[in-house]
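**Q** Chain order of the listed sequences is A and B. Heads up, the first sequence is in full-length UniProt numbering, so the first residue is 1 and it goes up one at a time. Heads up, the second sequence is in full-length UniProt numbering, so the first residue is 1 and it goes up one at a time.
If you're looking for bench data, these hints aren't it; they were derived computationally from the structure. Among the hints, erroneous ones may be present.
As the list claims (entries may be wrong) - Label-pair restraints from in silico Cβ distances:
#1 A/G127 - B/N65: 42 to 50 angstroms
#2 A/A299 - B/Q33: 51 to 59 angstroms
#3 B/A62 - A/T221: 30 to 38 angstroms
Just so it is clear, CB atoms sit at the ideal spot from N, CA and C, and this is done for glycine as well.
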Amino acid sequence: MSIEVIKPGLASSIQDKGREGKYHLGIPPSGGMDQRSLIAANLLLGNPEGAAVIECALMGPELRFNEARKVAACGAEMTPRVNGEAKPLNEVFEVPAGATLSFDFVKAGARLYLAIEGGIDVPERLGSRSTYTLGSLGGLNGRTLQAGDVLHILPAHGHATLGRCLPDSLVPMFSKHYQLRVVPGLYDHRLMPESHKRFYEEDWSVASEADRIGYRMKGGTPLSFVEREPPFGAGDDPSNIVDACYPIGSIQVPSGSEPIILHRDAVSGGGYAMIGTVISADMDTVGQIQPHQKVRFVAVTLEDALAARARYQQDLEQLRQMP
Amino acid sequence: MTQQEIQAPFPGMFYRKPSPDEPVYVEEGQVVQVGDVIGLVEVMKQFVELKAEISGTLVSFAAGNETVLEAGDVIATLEVSE
Numbered sequence: 001m002s003i004e005v006i007k008p009g010l011a012s013s014i015q016d017k018g019r020e021g022k023y024h025l026g027i028p029p030s031g032g033m034d035q036r037s038l039i040a041a042n043l044l045l046g047n048p049e050g051a052a053v054i055e056c057a058l059m060g061p062e063l064r065f066n067e068a069r070k071v072a073a074c075g076a077e078m079t080p081r082v083n084g085e086a087k088p089l090n091e092v093f094e095v096p097a098g099a100t101l102s103f104d105f106v107k108a109g110a111r112l113y114l115a116i117e118g119g120i121d122v123p124e125r126l127g128s129r130s131t132y133t134l135g136s137l138g139g140l141n142g143r144t145l146q147a148g149d150v151l152h153i154l155p156a157h158g159h160a161t162l163g164r165c166l167p168d169s170l171v172p173m174f175s176k177h178y179q180l181r182v183v184p185g186l187y188d189h190r191l192m193p194e195s196h197k198r199f200y201e202e203d204w205s206v207a208s209e210a211d212r213i214g215y216r217m218k219g220g221t222p223l224s225f226v227e228r229e230p231p232f233g234a235g236d237d238p239s240n241i242v243d244a245c246y247p248i249g250s251i252q253v254p255s256g257s258e259p260i261i262l263h264r265d266a267v268s269g270g271g272y273a274m275i276g277t278v279i280s281a282d283m284d285t286v287g288q289i290q291p292h293q294k295v296r297f298v299a300v301t302l303e304d305a306l307a308a309r310a311r312y313q314q315d316l317e318q319l320r321q322m323p
Numbered sequence: 001m002t003q004q005e006i007q008a009p010f011p012g013m014f015y016r017k018p019s020p021d022e023p024v025y026v027e028e029g030q031v032v033q034v035g036d037v038i039g040l041v042e043v044m045k046q047f048v049e050l051k052a053e054i055s056g057t058l059v060s061f062a063a064g065n066e067t068v069l070e071a072g073d074v075i076a077t078l079e080v081s082e
C-alpha cells in the first residue's frame, strides 16, 4: 500500500530511532527528536519500536491513503482529521481507503509522530531509515516531504488494535516555559564567573530558526569569556577553542551572544567552546519546544543526569509493558 | 457580507513586507484575490507566504509587522461579499 503526500506540512520527514555509531565519521544520529513519542506511536500499533514514522514539525501534512490502514499519532497536540472528522491523539484509529488524513493547528508541543501499521518502507542507509537533510541521506531521497511524494508502507502485521490508547500517565505534558537540565562543562572555565552564574538565572527564548540541527536561544544577557591568548589552532574570537568533538545536547555560544543546543542533525565537531550539555533525558523535551517559547537552564551534576537517564529508561520500559 | 479571519497556520514571526525596505504586500482596505500574498511567516529558516484562500476586502490586520504568532492566532480579517 502507499500514501500520497497532498500537502507536505512545514518540515515533515521520515525518522526512526536514528543511526548510532557514525558520529565520529561526521554522520549525526538523526532520528526522531522526541524519541519517546516516536516509540509510543509505534508501540501503540504493535510495530517494532524503531519503525520509520513521519515526524511533523509545527504543521502537519495532508496525506491520502490508497488502502485502509491503522495509524497512531503521538507528540505535539495537533488534532488528526480523517476526511475532516476529528480523531484522537495517542490512540489507534483507521484511515479508510481513499481517505485524507490532515491535522489541525498545533496547540501545544512542536513535533507530532505519525506511525503507520507496518512502518514506512524506505531503504536503510547506514543502518537507519532516518532522514538527514544536510547530508541528503536516508528517508525519502534524503530530504523533507514534498507535495506529490508517494510513501510505500510495509505490509500490515495485523497486531494493531483499534482504540488502543496510551495511559494518561504516559501522555506527555507540554508547557510554554521549560526547564532544561544541564551538566556544566567541558569549557565553562572559559566563561567569566558572573556570566556563568547569569546563564542559569535568566530566561532564554527559542529563536525562530531552531530546527533539527540546533536550537538557538535569544534574549539573555550576552556572555563574556575570560581574556586569553588564543592557543595554536583556535580562532581569535574569545568563544573559540581548538576544534573539538560536539556532543549532541552540547551548548555553544558563538561570540557569547546566542547559545545553541545541538540536536540530532548536528555537525560533529568545531571550534566553539561548549559551556554545558543538556542531559540526554531532556533532549526529547527540547524537540517539543516551539520557537519563541521560554527556557531556563538548570545546572545538575553528572550523578543527577545519570539518575534522570535511568528514570527515562524506566518510562520507556513502561511504554513497552503497556496493556 | 461575511467576515473571515485569516489565522496563523503555525507559530513564527509575521512580516507584512517581502523585505524591510519594500512596501507592504497589502494595505488595510485593499481588495485581494484568491492566491494573493498577504504576508510571510518565518520559522525554522523558512519564509512561508500566507495567501488569501478567498477573495474579499482585507478590512484589518490584527498582527503587526514583525510580531510573534502562535498557531491559530488571527492575522487579518477579510470581508467577503456573497
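**Q** Each hint should be assessed against the structure and marked as holding or not.
**A** For each hint, the structure was consulted:
1. Remark: the range hint 42 to 50 angstroms for A/G127 to B/N65 is upheld by a beta-carbon distance near 47 angstroms.
2. In this structure the supplied range 51 to 59 angstroms holds for A/A299 paired with B/Q33, their Cβ-Cβ distance being about 55 angstroms.
3. Under the hint 30 to 38 angstroms, the C-beta atoms of B/A62 and A/T221, about 32 angstroms apart, fit the expected range.
Taken one by one, the earlier hints all hold for this structure without exception.
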